[in-house]
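2 protein chains.
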Amino acid sequence: MSFHDAVVPAYLQILNSLTGLLTKAEAHCEAKKIQPEVLLGARLYPDMLPLTKQVQLVCDHAARGCARLTHSDVPSTPDTEKSFAELKQRLAKTIDYVKSFKPEQFDGADAKDVTFPVGPERTMTLKGQQFLSAFSFPNFYFHAVTAHGILRHNGVEIGKRDFLGVS
Amino acid sequence: MSFHDAVVPAYLQILNSLTGLLTKAEAHCEAKKIQPEVLLGARLYPDMLPLTKQVQLVCDHAARGCARLTHSDVPSTPDTEKSFAELKQRLAKTIDYVKSFKPEQFDGADAKDVTFPVGPERTMTLKGQQFLSAFSFPNFYFHAVTAHGILRHNGVEIGKRDFLGVS
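Residue numbers (this note's numbering), protein chains in the order written: chain A, 142 to 308; chain B, 142 to 308.
The shape of chain A in the complex, shown without the other chains (with noise of 0.2 Å):
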């Protein structure tokens, strides 16, 4: 298996498993005539990142973590989107830029330096292997499955099954 093979389809699977998330959190918001905004704003605390933020920062942390491991430009998306429509627009953008990947890029990345920012004006050098699973998973999952905690917590109808991808 290569390096290739513990990034992307991690990736991937969860980004195409938020997409169907957002469609079943539309629905809901139809079906009980819920303003999409209102969901769209929801946080599990008055201090935590509303729902429209945890995925756009689910899409940074797998384009990001995609660049940063195959040493590519690193791409920064302004914030803007405002509708369900909108976040799963940019969620099918990262999916595109994701499977833009080769594998072969990804060959020796493991074990060479990522340098990467943990602050303002702090970065952090780590080999590939250990961005990945020391920064760039435990990022990305943070806020997909906290996006999944924020709908459930809504009373949108989606399990874990859901959230994996396999139902």
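Source of the hints: derived by calculation from the structure; they are not laboratory data. Watch out, some of these pointers could steer you wrong.
It does not matter which identical chain is meant; a pair holds if it fits inside one copy or across any two.
Think about it this way: if two alpha-carbon atoms lie no more than 20 Å apart in a straight line, the pair counts; the simulated SDA-like pairs of lysine to any residue are [to be verified]:
#  : residue 1 : residue 2
1  : K301      : E167
2  : K240      : R209
3  : K174      : P258
4  : K234      : D248
5  : K301      : D201
6  : K253      : E298
7  : K223      : T160
8  : K240      : D254
9  : K268      : A233
10 : K165      : A208
11 : K268      : M142
12 : K173      : P187
In this text the structure is predicted, and so the values were computed from the model without any measurement.
Starting from the known structure of chain A, arrange chain B on it as the hints suggest.
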């Protein structure tokens, strides 16, 4: 980098950080005169699993992930924990178990078949890397982040840095 490095440090980081989250949750209960069993039984929605079960499942996915990837006997632990202290003990035992694996036990495991249950009467077979990326990690992080979400939603003063184990 070895396949061991793709598996064991990732589990350990979150098992350790979850121990820290529970320590803060316990202190929060004491400071706010909250009965610990109320927080241990908290859920994000009535048909979701409570905090205690989320932590137990994090332990199971880490321990069973290591066992399945190394073709070792798969441990089974009864879910008897009823306090923060007992849950932290279970996390500590799981950490010891995960640490007990030697790097060479994972050699070549990414390309070997892993057969695992996906329901009461169904199994699935995937290559080790796919089992890790598509099943073990998403489940492991799902329950860990949900535990974090339950605590945050209930006012425990923790953040993503606590989840990542960097604070």
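Taking the hints in turn, this is what the structure says about them:
1. K301 - E167: within (18 Å within a copy, 27 Å between copies)
2. K240 - R209: For K240 and R209, only the intra-copy Cα distance (15 Å) is at most 20 Å; the inter-copy one is 29 Å.
3. K174 - P258: neither (42 Å within a copy, 40 Å between copies)
4. K234 - D248: neither (24 Å within a copy, 36 Å between copies)
5. K301 - D201: between (23 Å within a copy, 16 Å between copies)
6. K253 - E298: neither (43 Å within a copy, 36 Å between copies)
7. K223 - T160: within (15 Å within a copy, 37 Å between copies)
8. K240 - D254: neither (23 Å within a copy, 25 Å between copies)
9. K268 - A233: neither (29 Å within a copy, 27 Å between copies)
10. K165 - A208: neither (30 Å within a copy, 35 Å between copies)
11. K268 - M142: both (19 Å within a copy, 9 Å between copies)
12. K173 - P187: Answer is between: at 19 Å across copies they meet the 20 Å cutoff, but 23 Å inside does not.
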